[in-house]
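S.K.: So you can see what is in the structure, the chains are spelled out below.
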Amino acid sequence: MATQIITADQTDTLALSHVNVPPAQTWNYLRINDIAFDVPTPHFVGDVYARLPQLFGKLECGIGDEAVSWMEHASGDARYVEVRASEPQTVYVDIDSSKTEVHDTGVLVRAGASATIVTCAHGEQGGTSSSLLRVIAERDARVSIVEIVACGEGQQHLDAIGIEAAEGARIEMRQYALGGAKVALGLCCNLAGASSRFVLDTRYLAVGSDVLDVNHVVRQRGRSTRADIVTTGILADAARKTMRETIDLIHGAKFAEGSEIETVLVTGDDVVNKTLPVILCDEEDVAGNHGASIGAISPEQLDFMRSRGLSEDEAERLFVRAMFDDAVIHANGAETRTAVLNRAETVLGADVARDMAEVLGFDTEEA
Amino acid sequence: MSDQLLIIAGLSAGTEDKPILHNIDLTVGAGETHVLMGPNGAGKSTLGHVIMGDPIYQVTDGTITFDGQDVTDLGADKRSLAGIFLSYQAPVEVPGVPLYSFLRTICQMRPELKTTARKFRERVGKIADQLDIDQNFLTRELNVGFSGGEKKKIEMLQLLLLRPKLAILDETDSGLDVDALSIVSRGIEAYRKECDGALLMITHNTRILERLTVDRTHVMVHGNLVADGPASLIDDIDAHGFARFEDALAEKAEA
Chain A
1 MATQIITADQ TDTLALSHVN VPPAQTWNYL RINDIAFDVP TPHFVGDVYA
51 RLPQLFGKLE CGIGDEAVSW MEHASGDARY VEVRASEPQT VYVDIDSSKT
101 EVHDTGVLVR AGASATIVTC AHGEQGGTSS SLLRVIAERD ARVSIVEIVA
151 CGEGQQHLDA IGIEAAEGAR IEMRQYALGG AKVALGLCCN LAGASSRFVL
201 DTRYLAVGSD VLDVNHVVRQ RGRSTRADIV TTGILADAAR KTMRETIDLI
251 HGAKFAEGSE IETVLVTGDD VVNKTLPVIL CDEEDVAGNH GASIGAISPE
301 QLDFMRSRGL SEDEAERLFV RAMFDDAVIH ANGAETRTAV LNRAETVLGA
351 DVARDMAEVL GFDTEEA
Chain B
1 MSDQLLIIAG LSAGTEDKPI LHNIDLTVGA GETHVLMGPN GAGKSTLGHV
51 IMGDPIYQVT DGTITFDGQD VTDLGADKRS LAGIFLSYQA PVEVPGVPLY
101 SFLRTICQMR PELKTTARKF RERVGKIADQ LDIDQNFLTR ELNVGFSGGE
151 KKKIEMLQLL LLRPKLAILD ETDSGLDVDA LSIVSRGIEA YRKECDGALL
201 MITHNTRILE RLTVDRTHVM VHGNLVADGP ASLIDDIDAH GFARFEDALA
251 EKAEA
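For the protein sequence lines, the chains are A and B, in the order given. For the first sequence, the numbering used here assigns the number 1 to the initial residue and increments by one for each residue that follows. For the second sequence, the numbering used here assigns the number 1 to the initial residue and increments by one for each residue that follows.
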């Protein structure tokens, strides 16, 4: 079937009104039910016959159909990767935000296969970039995903991930939102098969007047499925963050367990921090937990850090550096690490970024 | 006698609603090893935390002088930079902060320890090997998911890295198996040899003292320092317990 090839012109814009809509909405006046984005209008330039298999079209991506449709059109083409059990693979998706790139990627991880997927959006100049990643993990597949958004000031980025896990599949994901003037992260993991598991560790840093908008959705359909979402963030200056986290325990998901925990360190006086944690439950034999801790560093942690010579301000700076250090440690690939270090340089300064690279032993590496 | 490093004079302290330490006098000379013993709940750990400047406790009377400077009103960060180190009985977990980031930051705070990243990496690697710490731990989050023994080893790593003038080890041996105890003891011995720092050991376990030459032993009961003596006092307490000190304090209170 032919698909239109379309290019995105950054001058004409199109309004996406309902990005990151959570499965269960709340009062409109809270302004947490969605976010609107003005994105470049795609322009038709030709036909292509090699889009993703139809299977991928059924995946929910958290960011919403309207945004997914725009991404599919704006990317013009798609990349399909199949990972077989005999050949573990690492799949890199490099999004140059300065070139306003839009990527559409589908990864099929066959039964028993192992795959690592790294997506990294980076750049320094303005414009809108985007990444749409859809992953199907067949029975007993092992998938590790590292998603890094290290865009610069004035940049807008939309990042969507849809995952489907069959019986016994295990998905481990680390998500780092380290920069960008306006960033939307949409994610939906469908734990369709029995005993499938999803572990998500999200770290975010928003500074200046950055807007970060996140929608995490986990659908637990299979029996004995398990989802663990841990989110840690730092909000500085006048940053605005909205975090929606939904664990949906669907009828039939007996013995399923889901938990979501968010810890936010607020260091700016003008920060706006919104969180919407939701557990939806249509099954009796399940366990769902959520918790949030918002504010400063805990008194115990602060006392400990003071006893090692750090003032409260220095402890806060350590947390910011630590977030970048952690991203570098897990970046998996020279180019990705360079993107994180470049962003660290903007936020923490060149000396600290160089020190990070040297201490972690990546100073001689070439991207 | 060596130079006086720590002088505690007439110190009383406690929490907002509960006095714990009463009129404590204690002096530790530079490079000396002191042992503080006492029954559970005597206030030993409180004294360690008060010396470190833990804000949970308020000093109501007396002074703490360290290295010639009155530190009674200084915060814990300033005392740490002055050269006091407290090893926690239950080290705190800090999610989100890799051990490497933490160690690098606390070293760079100290002009005497500031060094290039490569030299720092070498130094940390050497100490980690000395303490049988897997290098993979360095990229893990500080104390998160570590066993009790691993946490204590990480405390020793910080001790050897920071080279303080005074180390207060608050029951560093508690909950350790034989192997971990041996490694931690090795760490303490290395600190004494390589850093020539003073030690204030708060402990119930005399085994951890086997490799050390103890200069002075102090006994604390109900927040009072009731006795001090040479190293042989440890054997005496091992054999007879704290009952006679508790009785003597009770008699004194009645009189």
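Note that these hints are calculated values from the structure, not bench results. Computed from a prediction, not measured in an experiment: that's the story for all the values here. Every residue, glycine too, gets a C-beta built ideally from N, C-alpha and C. One or more of the hints may lead you astray.
Below, computed lysine to aspartate or glutamate pairings styled on DMTMM-like, alpha-carbon distance capped at 20 Å [said to hold, decoys possible]:
hint	chain 1	residue 1	chain 2	residue 2
1	B	Lys78	A	Glu316
2	B	Lys126	A	Glu358
3	B	Lys151	A	Glu358
4	B	Lys114	A	Asp351
5	B	Lys114	A	Glu300
Selected chain B positions facing chain A (in silico; Cβ < 7 Å) [stated by the list, open to error]:
hint	residue
6	Leu74
7	Ser80
8	Leu81
9	Val92
10	Gly96
11	Val97
12	Glu112
13	Leu113
14	Thr115
S.K.: So, for every hint listed, does it hold in this structure?
M.R.: Now the hints, each set against the structure:
Using a Cα cut-off of 20 Å, the hinted pair Lys78/B and Glu316/A holds, with the two alpha carbons roughly 17 Å apart. The straight-line distance between the Cα atoms of Lys126/B and Glu358/A is roughly 17 Å, inside the 20 Å bound, and the hint therefore holds. The hinted pair formed by Lys151/B and Glu358/A fails the criterion: a straight-line CA distance of about 26 Å is larger than 20 Å. Under the criterion of a C-alpha separation no larger than 20 Å, the hint pairing Lys114/B with Asp351/A is consistent with the structure, at around 14 Å.
With a CA separation close to 27 Å, the supplied pair Lys114/B and Glu300/A exceeds the 20 Å bound. Interface hint at Leu74/B: violated, since its Cβ lies 11 Å from the closest Cβ of chain A, which is beyond the 7 Å cut-off. The closest approach between the C-beta of Ser80/B and any C-beta of chain A is roughly 4 Å, which is under the 7 Å cut-off, so the hint is satisfied. Hint status for Leu81/B relative to chain A: holds, with the closest Cβ pair at about 5 Å, below 7 Å.
For Val92/B, the shortest C-beta to C-beta distance to chain A is roughly 4 Å, which falls under 7 Å, so the interface hint holds. At a threshold of 7 Å, the smallest CB-CB gap from Gly96/B to chain A is about 5 Å, leaving the interface hint in force. Hint status for Val97/B: holds, given a least beta-carbon distance of 4 Å to chain A, under 7 Å. The closest approach between the C-beta of Glu112/B and any C-beta of chain A is roughly 12 Å, which is over the 7 Å cut-off, so the hint fails.
Hint status for Leu113/B: violated, given a least beta-carbon distance of 10 Å to chain A, over 7 Å. At a threshold of 7 Å, the smallest CB-CB gap from Thr115/B to chain A is about 11 Å, leaving the interface hint violated.
Checked against the numbered hints listed earlier, the structure breaks hints 3, 5, 6, 12, 13, 14; every other hint is satisfied.
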